[in-house]
Structure formats: C-alpha cells, structure tokens
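Engineer: Protein chains in written order, with the numbering used here: chain P, 1 to 87; chain W, 1 to 103.
Because the hints were derived from the structure by calculation, they are not lab data.
For clarity, every value in this text was computed on a predicted model and none was experimentally measured.
Accuracy of the hints is not assured; some may be wrong.
Claimed, not checked - Cβ pair distances, simulated, as ranges: (1) W:T35 - P:R57: 27 to 33 Å; (2) P:Y73 - W:L31: 27 to 33 Å; (3) W:V46 - P:L22: 32 to 38 Å; (4) W:L101 - P:A18: 22 to 28 Å; (5) P:I31 - W:T98: 20 to 26 Å; (6) P:C17 - W:L22: 40 to 46 Å.
To be verified - For lysine-lysine, the following DSS-like pairs were computed, each having C-alpha atoms within a straight-line distance of at most 30 Å: (7) W:K100 - W:K28; (8) W:K95 - P:K53; (9) W:K100 - P:K41; (10) P:K53 - W:K62; (11) W:K95 - P:K63; (12) P:K53 - P:K41; (13) W:K95 - P:K83; (14) W:K95 - P:K41; (15) W:K62 - P:K83; (16) P:K41 - P:K63; (17) W:K28 - P:K6; (18) W:K62 - P:K27; (19) P:K82 - P:K53; (20) P:K27 - W:K95; (21) P:K12 - P:K63; (22) P:K83 - P:K63; (23) W:K100 - P:K27; (24) W:K100 - P:K63; (25) P:K82 - P:K63.
Backbone N, C-alpha and C fix where the C-beta goes; we use that ideal spot for every residue, glycine too.
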Amino acid sequence: MAFRKKFTPRKKFCRFCADQELPLDYKRTDILRDFVTERGKIIARRITGTCAKHQRRLTNEIKRARQMALLFYTTVHSTDVKKRSSM
Amino acid sequence: MTKRSTIMANNYETLVLLSPELAEENRKGILDLLTSIVEREGGNMVETDDWGLRQLAYPVQKQTRGYYVRLVYDAPGNLVAELERNIRITDGIFKFMTVKLAA
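Working from the sequences, and respecting the hints, build out all of it.
Structural biologist: Here it is, written out as structure tokens:
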C-alpha cells in the first residue's frame, strides 16, 4: 500500500494528432526513426501513444521507407553493421 | 490519349534509386528518358527532386551508396504502368516506388 504511487507515468499523446503539420511520410526518416527501435522494429502504439489511425499509416510509411533502403529491416542487414563486420 | 484519361489525372510521385556507379551523363540520360515517357503518355511533370548520393540503410546489389531522384507528375493511372515497365527494363535502376499523393 505504501508503494502504491511509486511513480506516475506521463500522459502519452499522439504526436501526429497534436501537431497536424508534422508530416507522416516515408521520405522523412528523421521522424520515422523515433517510432522504430534501435534494431529497426516498429514500436507498439501502447508504448509510443500514437492513435490507431496514425499508427496504421505510420506502419505503412515505415515499410515503404524500408523498401527504398531509407530504413533498414534489421541491424544485421544494415550498412553500418556490414561495414564493421567486413573489416 | 483519350479525353477521358486526361480529365482523370492524378498526382503521383516516383522515387527511383540509381546505381552510384553511373556516370553523370548516363544518369541524365535515364532521367530524360523517364521524363519523356511521362510527357509522351499525356502526363505533366511537376517537379524533379534530386536527393543526390546518399548512404543506404542496407546494401543494395552490394552497393552501400545510391543516388535518389524523386519525380512528381500529374498523370492518368495507365501511365504509371507504362513508366514502371520502362523502369524495369532500364539498367542502373536498383529500386523504385510510385506513390499516389493526396489531392
């Protein structure tokens, strides 16, 4: 009981709803990178707080970016790792 | 082109990934070819956005760099198929993607 309120997590919000100007686009990998893990996995919306509507579109855009080699599928394939391992 | 298809023009964008080993004039040749196809098939070029040589997220055909060019155009839908057919034939294009832009 004493530890009931250990910490209160900050209220999550959808970044694309909050800022309508924020483009959701496969070309903007700088924004998409916030929504994938270091290993390239798409982060669940329960973690990021993105709304269902935007998460659906976000998933599509991330997959498009992967197809065009703007984002990697997984770190094993990434250019950084390939360079390091070939040395 | 029939009258109907010119009325039903959509806004498309095609991102092409070119080989970094292409010489400047070959690259220009490919882009001129694609632009001429768009114009010939009744499309209207809006923008050619040259991203230049970029590091790829993962190697494509053993290349870690690639040259991106984005083409924006208004065109009837059947032009896209013709353009993509030509892209597939052309050498030196690693990847491409056509996306319909929101009106």
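Engineer: Could you run down the list of hints and mark each one as holding or not?
Structural biologist: Checked hints:
For the pair T35 (chain W) and R57 (chain P), the supplied restraint of 27 to 33 Å holds, since their beta-carbon distance comes to about 30 Å. Take Y73 (chain P) and L31 (chain W): their Cβ atoms lie about 28 Å apart, and the range 27 to 33 Å holds. At about 24 Å, the CB distance of V46 (chain W) to L22 (chain P) disagrees with the hint of 32 to 38 Å. Checked against the given bound of 22 to 28 Å, the beta carbons of L101 (chain W) and A18 (chain P), roughly 24 Å apart, stay inside it.
The hinted range of 20 to 26 Å is satisfied by I31 (chain P) and T98 (chain W), whose Cβ atoms lie roughly 22 Å apart. The given range of 40 to 46 Å is respected by C17 (chain P) and L22 (chain W), whose C-beta atoms sit roughly 43 Å from each other. Of the pairs offered as hints, the one joining K100 (chain W) and K28 (chain W) holds, with about 24 Å between alpha carbons and a cut-off of 30 Å not exceeded. Among the hinted pairs, K95 (chain W) with K53 (chain P) is consistent with the structure: their alpha-carbon atoms are about 29 Å apart, no more than 30 Å.
For the given pair, K100 (chain W) sits about 26 Å from K41 (chain P) by alpha-carbon distance, which is consistent with the 30 Å threshold. Between K53 (chain P) and K62 (chain W), the direct Cα distance comes to roughly 37 Å. Violation of the 30 Å bound is thereby established for this hinted pair. A distance of roughly 14 Å separates the Cα atoms of K95 (chain W) and K63 (chain P); the hinted pair therefore holds under the 30 Å criterion. Between K53 (chain P) and K41 (chain P) the alpha-carbon distance is near 19 Å, which keeps this suggested pair within the 30 Å criterion.
A hinted pair counts as satisfied when its Cα atoms are at most 30 Å apart, and K95 (chain W) with K83 (chain P) qualifies at roughly 21 Å. Note on K95 (chain W) and K41 (chain P): the hinted pairing holds, with a Cα-Cα distance of about 22 Å set against a maximum of 30 Å. Using a Cα cut-off of 30 Å, the hinted pair K62 (chain W) and K83 (chain P) holds, with the two alpha carbons roughly 11 Å apart. Of the pairs offered as hints, the one joining K41 (chain P) and K63 (chain P) holds, with about 11 Å between alpha carbons and a cut-off of 30 Å not exceeded.
Proximity of K28 (chain W) to K6 (chain P) is assessed by CA-CA distance (about 62 Å); at most 30 Å being required, the pair is judged violated. As the CA atoms of K62 (chain W) and K27 (chain P) are separated by approximately 23 Å, the hinted pair is consistent with the 30 Å bound. For a cut-off of 30 Å, the pair hint linking K82 (chain P) to K53 (chain P) is broken: about 36 Å separates their Cα positions. A C-alpha spacing of about 14 Å is found between K27 (chain P) and K95 (chain W), which places the hinted pair at or below 30 Å, so the restraint holds.
Pair hint K12 (chain P) plus K63 (chain P) holds up; C-alpha atoms about 24 Å apart against a cutoff of 30 Å. Only pairs whose Cα atoms come within 30 Å are accepted, and K83 (chain P) paired with K63 (chain P) is accepted, the gap being roughly 24 Å. Annotation: proposed proximity of K100 (chain W) to K27 (chain P) holds, straight-line Cα distance about 14 Å (limit 30 Å). Between K100 (chain W) and K63 (chain P) the alpha-carbon distance is near 16 Å, which keeps this suggested pair within the 30 Å criterion.
A threshold of 30 Å between alpha carbons decides the hint, and for K82 (chain P) with K63 (chain P) the separation of about 21 Å falls inside it, so the pair holds.
The earlier numbered hints that this structure contradicts are 3, 10, 17 and 19.
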